[in-house]
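Please model the entire structure based on the sequences and the hints provided.
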Amino acid sequence: MTPFAILVALVAVTVVLIVILAAVPRITVTRSGKILAFLGLFLLPAIAGWAGFDRHMERSKETSFCLSCHIMAPYGRSLTVDEKNWLPAAHYQNNRVSRDHACYTCHTNYALYGDFKSKVRGFHHVWAQYVTGPKLPIRLYTPFQNRECLHCHGEARNFLENPVHSTQLDDLRSNYTSCLTSGCHDTAHNVNHLGEAKQWKPE
Amino acid sequence: MEARMNSHPQPRIASRLRIAGVLVILGLLVEIFTLFWAHPLAFVAFIVLGCALIGLGILVYLWSLISVGEASGAAQSK
Chain A
1259 MTPFAILVAL VAVTVVLIVI LAAVPRITVT RSGKILAFLG LFLLPAIAGW
1309 AGFDRHMERS KETSFCLSCH IMAPYGRSLT VDEKNWLPAA HYQNNRVSRD
1359 HACYTCHTNY ALYGDFKSKV RGFHHVWAQY VTGPKLPIRL YTPFQNRECL
1409 HCHGEARNFL ENPVHSTQLD DLRSNYTSCL TSGCHDTAHN VNHLGEAKQW
1459 KPE
Chain B
2 MEARMNSHPQ PRIASRLRIA GVLVILGLLV EIFTLFWAHP LAFVAFIVLG
52 CALIGLGILV YLWSLISVGE ASGAAQSK
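Protein sequences, first through last, are from chains A and B. Going by the working numbering, the first residue of the first sequence is number 1259, and it counts up by one from there. Going by the working numbering, the first residue of the second sequence is number 2, and it counts up by one from there.
If you're looking for bench data, these hints aren't it; they were derived computationally from the structure. Just so we're clear, the structure is a prediction, and the values are computed from it rather than from any experiment. Check before you lean on any hint, since a few could be wrong.
Said to hold, decoys possible - Partner residues are not named here, just some residues of chain A that face chain B (Cβ under 8 Å, in silico): (1) Val1269; (2) Val1274; (3) Thr1286; (4) Phe1323; (5) Leu1325; (6) Ser1326; (7) Phe1402.
Cβ coordinates follow ideal geometry from the N, Cα and C atoms, glycine included.
In structure tokens:
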């Protein structure tokens, strides 16, 4: 049984309990009726609401969720560029990140994913998308953090044994030297040059 | 007298329970509907509409509990 099926079953049980309570409110004078009311009008709806929130949060980590906004389409196309030095493309095409969660793997603190401030930004994105219009060009709120790279590469042997990395490990860990903007891995999504790039089509 | 009073809940409390039930059911329906739609708007609809309705339903239920307590307290003091 999938988590979604369990959630649907939970909602169905809650609805049945509420219908019974609404049809025969007199039962709430008995102890078992009070328990039934507590279950149907407090405990089960609270659990179902939390389960729905959790499922929505999990779904917001999916690549398709991020790319469902039109403005993100170029970033989606940058994942399939046929160039080895395009960082997101190399990660996506070689399964270094899960293709279903490609955005979230490298942007763990972005919009809905991060702390409370980030979640508020996530709602601001929806507001900007449908009401005020997004500000172009799209930029990250804060500089890209090396921790997004190091949570996978940080303990990898080929990373640690590379002298370029090992000689400045502390600077990389403290963000003093950026993985992306210090001239080493500086081709990220590069959406302004997408038109010139060849696209990779998986067979 | 007390037994008679307990076996007939006040109509207002019964109607509050019904209102709470309707709000919770509407909230749960919004929740299920939004879970079939993978889009940021679905998430917003779930939070703004679904969670609000469920929360409001729970609050109305809790309010009915408080009011039934107050009603029985007033009846006992009489």
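Here is how each hint holds up against the structure:
1. Val1269: 5 Å, holds
2. Val1274: 10 Å, violated
3. Thr1286: 6 Å, holds
4. Phe1323: Hint on phenylalanine 1323 of chain A: holds, closest Cβ of chain B at ~6 Å, below 8 Å.
5. Leu1325: 10 Å, violated
6. Ser1326: 5 Å, holds
7. Phe1402: 22 Å, violated
Checked against the numbered hints given earlier, this structure breaks hints 2, 5 and 7; the rest are met.
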